[in-house]
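Engineer: Below are the chains, spelled out letter by letter.
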Amino acid sequence: MSETDRPFEPRIVAFFCTWCTYTAADLAGISRMQYAPNVRAIRLMCSGRVDPQFVLAAFRDGADGVLIGGCHPGDCHYQEGNVNALRRFELLRRMLRDFGIEEGRVRLEWISAAEGDKVQRVCNEMTERVRALGPLRLEPGPRRRVGVGVVPVGAAEAAAGPAAGEASEPVGVLETEGREAR
Amino acid sequence: MPEGGLNPKAVSTDGGPRIGVYVCHCGLNIAGKVDVKAVVEFAASLPHVTVARDYKFMCSDPGQELIQQDLRDGLVNRVVVASCSPLMHEATFRRATAAGGESPSHVQMASIREHVSWVTADGDDATEKAKALVAGAVRRVALHEVLEPRQSPVRPDVMVVGGGIAGIHAALTLADAGKHVYLVERETTIGGHMAKFDKTFPTLDCAACILTPKMSAVRTHPNITLWTYSDVVSVEGYAGDFRVRVRHRPRYVREDLCTGCLACIDACVHKQGKFEDEWNEGLSKRKPIYIPFPQATPPVVVVDREACIWFKTGKCPRTCVDACERDAFDFEQTETFDEVEVGAIILATGYRTFDASRMPEYGYGLYPNVYTSLEVERLLNAAGPTNGEIVLRDGSRPRTVGIIHCVGSRDAKHNLWCSKVCCMYSLKLAHMVKERIGAEVYNFYIDMRTPGKGYEEFYDKVLREGVHMVRGRVAGVTDEAASPEEEGHLVIRAEDTLIGSVRRIPVDMVILAVGIEPQPDAQEVRRLFNVSCGSEGFFTERHPKLAPVSTFTDGIFLAGACQGPKDIPDSVAQAGAAAAEALAMIDRGHVTLESSTAFIDDAACSGCKTCVGLCPFGAIAFDEDRKKAAVNEVVCKGCGICVGACPSGAAQQHLFTDAQILSEIEGVLEYV
Numbered sequence: 001m002s003e004t005d006r007p008f009e010p011r012i013v014a015f016f017c018t019w020c021t022y023t024a025a026d027l028a029g030i031s032r033m034q035y036a037p038n039v040r041a042i043r044l045m046c047s048g049r050v051d052p053q054f055v056l057a058a059f060r061d062g063a064d065g066v067l068i069g070g071c072h073p074g075d076c077h078y079q080e081g082n083v084n085a086l087r088r089f090e091l092l093r094r095m096l097r098d099f100g101i102e103e104g105r106v107r108l109e110w111i112s113a114a115e116g117d118k119v120q121r122v123c124n125e126m127t128e129r130v131r132a133l134g135p136l137r138l139e140p141g142p143r144r145r146v147g148v149g150v151v152p153v154g155a156a157e158a159a160a161g162p163a164a165g166e167a168s169e170p171v172g173v174l175e176t177e178g179r180e181a182r
Numbered sequence: 001m002p003e004g005g006l007n008p009k010a011v012s013t014d015g016g017p018r019i020g021v022y023v024c025h026c027g028l029n030i031a032g033k034v035d036v037k038a039v040v041e042f043a044a045s046l047p048h049v050t051v052a053r054d055y056k057f058m059c060s061d062p063g064q065e066l067i068q069q070d071l072r073d074g075l076v077n078r079v080v081v082a083s084c085s086p087l088m089h090e091a092t093f094r095r096a097t098a099a100g101g102e103s104p105s106h107v108q109m110a111s112i113r114e115h116v117s118w119v120t121a122d123g124d125d126a127t128e129k130a131k132a133l134v135a136g137a138v139r140r141v142a143l144h145e146v147l148e149p150r151q152s153p154v155r156p157d158v159m160v161v162g163g164g165i166a167g168i169h170a171a172l173t174l175a176d177a178g179k180h181v182y183l184v185e186r187e188t189t190i191g192g193h194m195a196k197f198d199k200t201f202p203t204l205d206c207a208a209c210i211l212t213p214k215m216s217a218v219r220t221h222p223n224i225t226l227w228t229y230s231d232v233v234s235v236e237g238y239a240g241d242f243r244v245r246v247r248h249r250p251r252y253v254r255e256d257l258c259t260g261c262l263a264c265i266d267a268c269v270h271k272q273g274k275f276e277d278e279w280n281e282g283l284s285k286r287k288p289i290y291i292p293f294p295q296a297t298p299p300v301v302v303v304d305r306e307a308c309i310w311f312k313t314g315k316c317p318r319t320c321v322d323a324c325e326r327d328a329f330d331f332e333q334t335e336t337f338d339e340v341e342v343g344a345i346i347l348a349t350g351y352r353t354f355d356a357s358r359m360p361e362y363g364y365g366l367y368p369n370v371y372t373s374l375e376v377e378r379l380l381n382a383a384g385p386t387n388g389e390i391v392l393r394d395g396s397r398p399r400t401v402g403i404i405h406c407v408g409s410r411d412a413k414h415n416l417w418c419s420k421v422c423c424m425y426s427l428k429l430a431h432m433v434k435e436r437i438g439a440e441v442y443n444f445y446i447d448m449r450t451p452g453k454g455y456e457e458f459y460d461k462v463l464r465e466g467v468h469m470v471r472g473r474v475a476g477v478t479d480e481a482a483s484p485e486e487e488g489h490l491v492i493r494a495e496d497t498l499i500g501s502v503r504r505i506p507v508d509m510v511i512l513a514v515g516i517e518p519q520p521d522a523q524e525v526r527r528l529f530n531v532s533c534g535s536e537g538f539f540t541e542r543h544p545k546l547a548p549v550s551t552f553t554d555g556i557f558l559a560g561a562c563q564g565p566k567d568i569p570d571s572v573a574q575a576g577a578a579a580a581e582a583l584a585m586i587d588r589g590h591v592t593l594e595s596s597t598a599f600i601d602d603a604a605c606s607g608c609k610t611c612v613g614l615c616p617f618g619a620i621a622f623d624e625d626r627k628k629a630a631v632n633e634v635v636c637k638g639c640g641i642c643v644g645a646c647p648s649g650a651a652q653q654h655l656f657t658d659a660q661i662l663s664e665i666e667g668v669l670e671y672v
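Residue numbers (the working numbering), protein chains in the order written: chain A, 1 to 182; chain U, 1 to 672.
These are calculated hints, taken from the structure and not from any lab test. Quantities reported herein were computed from a predicted structural model and do not represent experimental measurements. Glycine included, C-beta positions come from ideal geometry on N, C-alpha and C. It is possible that some hints are incorrect.
Here chain U is said to cover these stretches of chain A; the calculated rule only asks that three of the stretch's residues, wherever they fall, bring their Cβ under 8 Å from a Cβ of chain U [unchecked claim]:
1. 43-53
2. 61-69
3. 75-86
4. 102-114
5. 125-133
Stretches of chain A that chain U covers, calculated by requiring three or more beta carbons in the stretch to come under 8 Å of a beta carbon on chain U [claimed, not checked]:
6. 6-20
7. 31-37
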């Protein structure tokens, strides 16, 4: 995806709870439902585990969109983790607006374990929406890597930075330093 | 090394990560789409990856051996398996890694089958996405902590919910194995649907003859506590240690005193039955005090509070009370509750039949002589409303009977699924009608589905008996005669696809072969027990082939038609399997608990108590002296809600620490 002559392919990070949405994504697979390859799902035990920091980090690290999937209200394996996710999501959305990140770049969806078709639909919709918005352009902020296996910063930074030749309007700097550097 | 914030025991002490990446072909399931060699090559270039291999089937013995050999050789101490979903084989590879001498928590899977090869049209796209997921897994596994699997003891008692044939069989199997079983049934008797049938296909065994001995065995078994007219109101705890609260509804008759002599029913001031008899599908009337059927278990009468004159007016001579020699009446009874602790729970909550009035074209509820199959089961039953006589509502015998298959099943407007039992029970009803009253019987079917031992042979037998078969979906049932011979009859209009024309067949009785549906309260039950349902409402098994009676909630098993349409042999087989799974868990003596529990980094905790209120399980206590929160890891279920909310990052979750997840985010975005 590094060639500049290729059309823009958004990269979307998804946080799926293991009980409902991740299982639904498995079901989509078992049912061979084809959908856009742009969504990379990270499995969490509960959508309530999604720290707003994860969303910010994903954008910082080069994601063009972030999708969060949890159980339908009332169906949470942990009673109400998804409600917590919703509350945090609303606050986060406001914050992202302040950063200048378009609303269409984040999405929270309730997808039950039976709704493989919904995973397909939401991933496709999300990909199209983010594709229409274009690459997320953030001014490179200070990056603080976590853990071992740190790689040279250059390549990734370029991926997260403005695409060459496109009109770019600075949309703010994400500063997520602190949490991961504890 | 990872920076602070981690539990001290979580920090690897083995001299840094040496990561092995194992990419599975899964036959052609993955390799047919993903360029496996390219993924291996990519993985080998990632930091800390010391070994990258591919193999046809990583889950097979030789595949697991690849991992174990590398572990034993000291080439790797972390394992990334890029294959199917972790929900499928994470346990497998954790075991393999443990067998290779490494901590089972040093494993991470990348789902490049369910999430990549099976859902991506283009091979290049699939390969790129597979690389991204592998990179995420590699980045994250480098930070995985060493966790010893936590074990928790298993209580030896079991609860079985639902007293149909599946629940009965599961309960008896467990009780015979020496486990104490609490069997909870919400109706006043056990027996379920099977107790309503007269005969069972294909052997034409008398249902009562094979069921009632099992019912009575349940009642007398020293290891079974039978609670009828009861339901589960709450479930707490986890596999091996569930606390279940059960509500007992008042019968107004003491179960310990009533002998089932039924003298009270004769003595009731109502000389005739006046209220719809639910057991007979409304085909007869019962009194306010009743017993569903003579062999009801337990044989204890029940007072219908809505119908009883004493409850309605307070003015009744209560001849029932006088008639009772045992003084069993207690009009002051109220709901009572029991709380029990069990190690495992088997759900056998059954099904309901499709409501035929949802297909008005078939005239159910409009024409009195249109019956559901369940109603006809009651008519055929010797203990039923007509003592086994097949008669119409006016008391006359039908001379022609039409049986319409697939009512509510295999129908895009209603239920897409095949209910599996209707073809066979329709053939059974055809046989019995013909045998008992010699009527002409027409079966209207879409496809005849008779797989099963002795089933096709039964179909053949019924054909030879001269039952007419019309292949085609019935358009409608009407009483409008189009010719003199149709006068006074119901007319079934159907396309006969074998002769290629539309037929009108006048009959006296129409039987609608209603399909099987989930119980109306399946969603509430599902939530109560924390299991999942398909979109149609049947409970979801952990794996359709390899774990057909387990659920995604450990310690909770499924039996019978609550999991999907099933006939009696299948329900019994599944009940036995569920009992065996529960037994295996109990006799093992312990369960391995979820390792992803939360913990608090004491030094970082600011004492804000945000987490304390958020925990749905009350697992977080606050030490007022030290002003620090602490997680009780036994109670913690590992959701991570507290972790996501902690403003100071003090709350963390094993295998889902902030650092691990942030690394995975970096990984899936860093390279491709």
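Engineer: For every hint, state whether the structure bears it out.
Structural biologist: Comparing the hints with the structure gives:
1. 43-53: As far as the segment 43-53 of chain A goes, the hint holds, because 9 residues have Cβ atoms under 8 Å from chain U.
2. 61-69: As far as the segment 61-69 of chain A goes, the hint holds, because 3 residues have Cβ atoms under 8 Å from chain U.
3. 75-86: holds (count 8)
4. 102-114: Result for this restraint: holds, n = 3.
5. 125-133: Not satisfied, violated; 0 residues make the cut.
6. 6-20: holds (count 5)
7. 31-37: holds (count 5)
In this structure, the one hint that does not hold is number 5.
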